Every structure is written in C-alpha cells, then in structure tokens.
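Student: Assemble chain D onto chain G, guided by the hints.
The listed protein sequences derive, respectively, from chains G and D.
Numbering follows numbering that gives the first Met the number 0, in which position 240 of the first sequence is assigned residue number 239; successive positions increment by one, without gaps.
Numbering follows numbering that gives the first Met the number 0, in which position 215 of the second sequence is assigned residue number 214; successive positions increment by one, without gaps.
It is worth saying that the hints were derived from the structure and are not from the lab.
Bear in mind that the values here come from a model prediction, so they are computed numbers and not experimental data.
Ideal Cβ positions, reconstructed from N, Cα and C, are used throughout, including at glycine.
Careful, some of the hints might be misleading.
To be verified - Dumping the calculated SDA-like pairs for lysine to any residue here, alpha-carbon to alpha-carbon at most 20 Å:
no., chain 1, residue 1, chain 2, residue 2
1, D, K331, D, L395
2, G, K152, D, F283
3, G, K440, D, N444
4, D, K264, D, S314
5, G, K356, G, L210
6, G, K99, D, S437
7, D, K121, G, R238
8, D, K121, G, L210
9, D, K440, G, E164
10, G, K121, D, K440
11, G, K99, D, R294
12, D, K316, D, G262
13, D, K99, G, E300
14, G, K99, D, E301
15, D, K361, D, W391
16, G, K99, G, L210
17, G, K152, D, N444
18, G, K361, G, E401
19, G, K449, D, V407
Said to hold, decoys possible - Stretches of chain G that chain D covers, calculated by requiring three or more beta carbons in the stretch to come under 8 Å of a beta carbon on chain D:
no., region
20, 147-160
21, 286-297
This is what each chain is made of:
There are 2 protein chains.
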Amino acid sequence: MNYRNIFQNILPPERLHFDGDIMEFHSKDETEDLHFRPGVVAEPVSTMEVSALIRMAFEHEVPVTAGGARTGLSGGALAIKGGLVLSLRRMNKILLIDEKNHQVIVEPGVITEVLQNAVSEKGLFYAVDPASQGTCTIGGNIAENSGGPRAVKYGVTKDWVLNLEVVLPDGRVIETGANTLKNSTGYNLTGLIVGSEGTLGVVTRATLKLLPLPRFQALMLVPFTSITNACKTVSEIFRAGAMPSAVEFMEHDAMVLTQEFTGNKEISIDPTDKAYLLIEVDGFDESEIMPQCERILSVLEENGSGEVLFAQSDSEKEQLWFLRRRVGEAVKAASIYKEEDTVVPRGMLPDLMLAVKSIGEKYGFRSICYGHAGDGNLHINILRDDLSDQFWSVELNKAIRELFDVVVAMGGTLSGEHGIGLVQKDFMDIAFSPDELSVLKMIKNGFDPKGIMNPGKMFPNS
Amino acid sequence: MNYRNIFQNILPPERLHFDGDIMEFHSKDETEDLHFRPGVVAEPVSTMEVSALIRMAFEHEVPVTAGGARTGLSGGALAIKGGLVLSLRRMNKILLIDEKNHQVIVEPGVITEVLQNAVSEKGLFYAVDPASQGTCTIGGNIAENSGGPRAVKYGVTKDWVLNLEVVLPDGRVIETGANTLKNSTGYNLTGLIVGSEGTLGVVTRATLKLLPLPRFQALMLVPFTSITNACKTVSEIFRAGAMPSAVEFMEHDAMVLTQEFTGNKEISIDPTDKAYLLIEVDGFDESEIMPQCERILSVLEENGSGEVLFAQSDSEKEQLWFLRRRVGEAVKAASIYKEEDTVVPRGMLPDLMLAVKSIGEKYGFRSICYGHAGDGNLHINILRDDLSDQFWSVELNKAIRELFDVVVAMGGTLSGEHGIGLVQKDFMDIAFSPDELSVLKMIKNGFDPKGIMNPGKMFPNS
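So here's chain G without its partners, still in its complex pose (with noise of 0.2 Å):
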C-alpha cells in the first residue's frame, strides 16, 4: 500500500516519516527484544489531525497503533502489521490545572513525571507512578491501566481518569464521560476505554482527578530470612489497620542484581536475607503518620523480619526507591528474561511465590521476582541463562501456561499493570472462558468494525 498518498495531504512533510531514526525508534518498546516496522510514522498535533488520519485510515484499512515513549512491557504500541504508527510524543500540552476542582486536563503525550511535577507546583497530587514515571506519557499509561508502588494506597490509572476524549476507529471523536467525580450517566465509557490497549480507538485529551499533596512519607526497608514470611507480612500489614503507601516486594537476588547494576552499594545486604519489603507510609502531617508505622513495627516484629532502616533523609529515600525502581532495568541487563506480570488476591502471594519456584525447578529455569506485594502484583522474571533455544520457545510456554493455571486458580489473572498486548495474548484462554472471549470480542468488533485498531493484540489468534 502506497502510505505516502494515503496520509499526505494531513500532514506537512516533516511530521510524516518513512524512514530515518524515528521509524528505528517506533519500531520497538521495553518488552524483550521485539522489533517490528511501521508502515508509516505521523506526528500530529491536534485532535482534529488524529481523526484526519484515522478517518483515512478506516477509508483504506490501514492498521493503526497508537505509540508514545515506547516504555510499554507487553508489546502493547508494536505495529505488528505495520502499517500507521500515531505518535502522539507532540500532543505533550498541560492544558489546565484546575486549582479549584483538584482536576488537570492534559494531552496524552505528557510524561507522567512531568506531569507530577506540574501539580506539585501547586501543592496537589498525581499519585500513579509507573517505574518508567520518568519517560512514559500519560496516554501510555490509560492504554495499558498502569499502576506502580502507590497504587495500593492510590489506586491504579483508572482511579484517576475522569472524563477522556476519543478518536473512534472511524475518526469520529467522543468523550466518554464529565468531568466530575461521581458519574452514573450512561455506561462508564472512561473505565471501558481506559486499559484497552488503543484497540477500541485513540485517546487525545484527558481530564484527571488530583488530590492534596501528602507532605511527609516515612520509607523503610525491610529484611526478611524467609521469602513466605515477607510475603505473609504484606497481608497482615493491612489486617492491622494500617494503610501505608506503597508496599514493595523484592527478592534478594534482586537487591543484589539492582545494586550491581547500577553501583550503588551504600546499604549493606546480608546473604542470610532472602528478600526485602520497602514501606511508605504518608500523611499531610508527621503526625498522622507515626501511629502507622508503629502499627507496621509490631506486625513485623510478630513476623520475624530483620533489623528495619529507616530512612533519614530526603535523599536517602531517593536512594531507596531509586534502587527499587531501577530492578526492572538490572534484570534486563542480566540476561535475556521473559517477564510476567501476574496478579492474586494479596494473601495469596506466598503460595503464588512458591509456585513460581516449584515451577522453576520442576522445567529448570531461574526466576527473579519483585514487585507491587500490597496489590498481590508479583513481576516474574525469568532468565534464559544458558537455556537452549528449544527450551526458550517452546518448553517455556508450557511452564507459563502451568503458572498462570496456577494465578487464576487463587483467583488471580494475567496482567495486573503491564496490559496483554502481543506477548500475553495467546494465555488469555487462561483468564477467560469461550463465553467471556466472546463478550470481550463483541466489544472490539462494535467500536472497529473493520479491526484497524492495534490489531493483533489482546486477543488469542489475532
């Protein structure tokens, strides 16, 4: 198909490419080495040059798919049939911070660190963190639903989102919702649109709730000599009234991986710890959050963890959650890994734990894990080492598919903030009944009845 007279009357030449660095650049994301050509790269600028373009694209059936910073961990923003890729990296605008309704309404372009800073300015809060908060946008982030370490106090993306406007795959817009907190008009088209992965169409602007700016966090790190007892202790955390801010999960390996990798050495890591929980605890006031933390004390303490450091300043905090933000990073420098991104009800994380190394030594690969412990949300990495090939890609998916019988069996599923996309579409059998498949796909085909729209993810066979 000739793309350059399909799309060249929509936009000027320079945000229209066919080749150079920036169709290097849409050709991949974060997730393993997946590597996949766009047909066509366009830059627009404004919602009405996202409708031309996908107005144009239904005419002609060209596949399209939404891209940002290409930090997605599912495949989610690969065009794996080519065709358009709509970078949406210049729609990065903060239209409005809304003072007065603790509301913003932004572009989806905006990186969400960006955006966190902007309001901070202003004393309010945008809480969801992704470990890439630094580099991804928004948009990114309302396709897959992400989460992060804060998401346990502060929900995920979609607690956030109150009102989107939409490209459909016809090039009609919408927005799905208002701009208000409570909303009982109509079917919740913002929770529809929000985590489907840019199939069902594309979103350009968003308006997105804000909260006051906690001022104090207290973070600490803590040991644990047995894995199943810091997993046991992320439940009875919260079974004793607590309601820290993040509750992160880490296995010593790791801490150690992270600390190799990035050289930074400072806390001191005994052999004997098998695995570590950081904990946040936040408040408007230092004293609302004291009584927390005691409470988390003594819960650790009745769990045998070892010795917790406290961090004492701002920039040992910094130090703390740069190490843990970075572990994705570490891993992946490690070894060439496959990464899971399972979900169980919080109390089932230590039998999810020894699943995953009961499955490990039962096919003979090595895991690490780490993750979202207070939401159940374990990222399970597993390293190809010295693996043969055969093993890589077939034996591994049979183990995949033993684990996520495993998750779903606890009540848990596939993906708890990484999104389904290409890598995850083929277990999704697992999560969801032929019937359930079928409502799921009913969806799809009523908003993109000609399935332009990121086609080839989220769905088996697709």
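Tutor: Okay, now just chain D, sitting in the frame of chain G:
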C-alpha cells in the same frame, strides 16, 4: 403472552407470581409515584435459575427487569414494558468474608447495611453508604453505581467491585474480571457492568474489596448564613489538604423539614442560617484525626461559618447522621416533588446553587437542595406545591432542560449516583452527542441484540 406457560417449569409455583401483594411491591420503587405492573415476578435462588429464566425470556422475547429492594430513585427497576421481573431478594447470602484477602463475596440481594455490619464485626470496612443502606441491596447499588456520603473519600460502588458473575441476556454466565486489586487483562468488563442499570445483564454474584475499619470519627455540623459561602467552603476544605470522609450540604429548609418530619428537634436551628455542612473525618487513631479537624476549622473560620457543633458522643453522631439520611424522605413527605441528581466539578457548586435558584425564580418553582457536596453531587428537589398540571407536565421539563444545560456547561452531568433509568432518559441528549449516544447504543445492542434486558431505560425514545 402466557407467562405461566413460558416460565412454570423453571421455578416452583411458590416462587413464581402472577398476582398478590408481591406483584404490587414489584410495581413501584422510590421514584415519584410511578407504577408499572410486571407480567410475572420470579424469585430465583441460584445463578442457574436466573440463567434458565433469562434463557427462556430470550427465546420468547420477554422483557426482563431485575429488581431487589425497590429503593431506586430513577425508576431503573420498573418493568415499564411489563414482562418478567426477576426479584433477587432471595439471593441474599454473604458467601465468604475473606479476611486474609480483604474481600467479600456476596449474592446481589444482600442488604448493604447487613454487609457493612457483617464485615465490621471482623474489623473490616465496606464504605459505600447510600441513604437507603438499611434496605437497599448490593445488586441495586451495582446497577446504579450508587454512592453516599463517604464516597468523597472512599469512592462509589465501582471503586469497590473487583469481579462480577453476570448472566447475559441470552442466559450465558460469565465472570467479568478476577478477584484482584489490579487488573490489566482484557477490557474492564467489571467497570462496564457497574452502573449499566440492568440493561446489559443480571449480576448474580459480586466480589467486593474491603478496607481495614477506621475506628475513630469526628463529626461536625456547621451553619452558614450564606449558601454561597457554604458551597465555596467545600472546595477550600480539600485545597487546604484535608481528606474528610464526608462533606454533606443541606439547605436551611431541608433541615427544618427533616426536623419536623422526624420529630427530632434537639439541634437548635437559627432562622438566619441559610445552609449547613455536615463534615466527618475518620481514621484509625485519634491522633490521625485531630490535625485534619484543625485544618478544616481554620477553613471554616476563614469562610465565615457560624458556631461549629461537634458531636460529643456516638449518640450525637448517630442523631446527626439520622437527620441527614432522612432528608430525602422528609422532602418527599412534604409535597409531590421531582428530584434531580446533578453532579458538577466540586468547585462549581456555588454556581450550580445560584443557577438552581435563578431558574426556580424564572419558572416559579420552589426547590430544596442537599447532597454530597464534597463530590459536587447535589440533589435538587423541585416541589409541586400548588403548581398547575400544565406546569408540572410541560413547563417543568423546559426548566429541567435549562438546568441540565447549565450543569453540562460547567463540566457536570445528569446523574451522580441515582442513574438515568426511566425519569432522566429523555435528557440524555444534553449529556451526550449523537455520536456518543451511538456508542452507548452499540454496546447495548452488542450485549442485548433482542433488546429484552430492562427495556425502555437509559436511552432517549426507548
């Protein structure tokens, strides 16, 4: 149609009704004086029975309207096209209180307050608290995405539902998600079903999130001599960094009517007070509450509130909440009325109140307003008093259209927590463009191609 022939083999006769008081009970709800008699009322006790009934209704194209406690405020559970009313009152079991995972699994007929009490005995908290919580059911709350005073801190029903079992309009049974706090696996079907007003299927089981139970509440009643100041104060409370668990607004007349209606006049009301805020702060520890109260008190002072009445005992707290929760009934007892459930961005509340009163003056009606001011959700009760039939049936709709136009222009919408149901459906064109309505309709038709599921609701001209 001979409903007896169609359904008699599915349920025993004592749970299949064609006459008697139960038919009358299921002909009404709490919306104005509406009355629609169903053809048959069925009382299933299991998902299998619900599925069998719906499968038969699908085959014979019989309208199906699910119902429970008949406390709805938008006519959502009225069988306006006759047919089958599926009463879910007998499916009222709390199936599992899962303390380890902070979850509860319930059938739809569980009364909201029964659930709250059952989990609070285990130190757990289900926060959604509609005024009708003593009689309404979880199934109805899910259908309408109900809120209540504590929604301002804890969210509405959608924020508490993790997973649903749903019988589709052809009788197939699906689960919408997983029993997890996070989920990025396929479309958010759970979020789509919540608030869909029984038009996409019938919920037969729900997994709900729980939190640790806050043990301490401070409650204050705050008089204002200016409605505008009372409204303005609401958004300033949040801007000052407080996170109250309720911020309720009552006009002077609402307070007077409720005192007269309940006979409870222990709180003295000054005739110069034009409005009241009822403000609650909660926490796990008394020391967590006090700094918040102090911040709130200084905002109140800056905004010229009258003397703050702090509830000193549990019984004083109960009395204040009792008054607040009975406002709706009191207004209803005073006059024929029409209630709107408008919601705007929180800071627009003063403007909304001015608009209500000015439209009232223009058209010559009296209104009494109260509601969940912290969410920008205002219940506007228009009183019939001695207005003519002509006014009530024709002119009033013009006034309401004018009001909704203003609300939508403010970024707000028609319903914050009551749903659209029957009584608001003809205003949907104000909140949604034709393209937006066509998307809602596409979803409806995809789920329910024969249009049997709660027909005549939500969509204009339906």
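Student: Hints first: check each against the structure and report whether it holds.
Tutor: Do the hints match the structure? See the list:
1. K331(D) with L395(D): holds, 18 Å
2. K152(G) with F283(D): Holds: K152(G) and F283(D) sit about 15 Å apart, inside 20 Å.
3. K440(G) with N444(D): holds, 14 Å
4. K264(D) with S314(D): holds, 15 Å
5. K356(G) with L210(G): Cα-Cα ~40 Å, so violated.
6. K99(G) with S437(D): Judged against 20 Å, a Cα distance of about 33 Å means the pair is violated.
7. K121(D) with R238(G): Answer holds: K121(D) to R238(G) is near 10 Å, not above 20 Å.
8. K121(D) with L210(G): Cα-Cα ~30 Å, so violated.
9. K440(D) with E164(G): holds, 18 Å
10. K121(G) with K440(D): Not satisfied, since the Cα-Cα distance of roughly 41 Å exceeds 20 Å.
11. K99(G) with R294(D): The given pair, whose Cα atoms are some 17 Å apart, holds under the 20 Å limit.
12. K316(D) with G262(D): Status holds; Cα separation ~17 Å.
13. K99(D) with E300(G): Given pair K99(D), E300(G) holds - Cα atoms ~19 Å apart, limit 20 Å.
14. K99(G) with E301(D): holds, 16 Å
15. K361(D) with W391(D): holds, 15 Å
16. K99(G) with L210(G): The hint holds at about 11 Å.
17. K152(G) with N444(D): Given pair K152(G), N444(D) is violated - Cα atoms ~37 Å apart, limit 20 Å.
18. K361(G) with E401(G): holds, 11 Å
19. K449(G) with V407(D): Violated - the C-alpha atoms of V407(D) and K449(G) are around 33 Å apart, more than 20 Å.
20. 147-160: holds (count 6)
21. 286-297: holds (count 6)
Going through the hint list in order, the structure does not satisfy hints 5, 6, 8, 10, 17 and 19.
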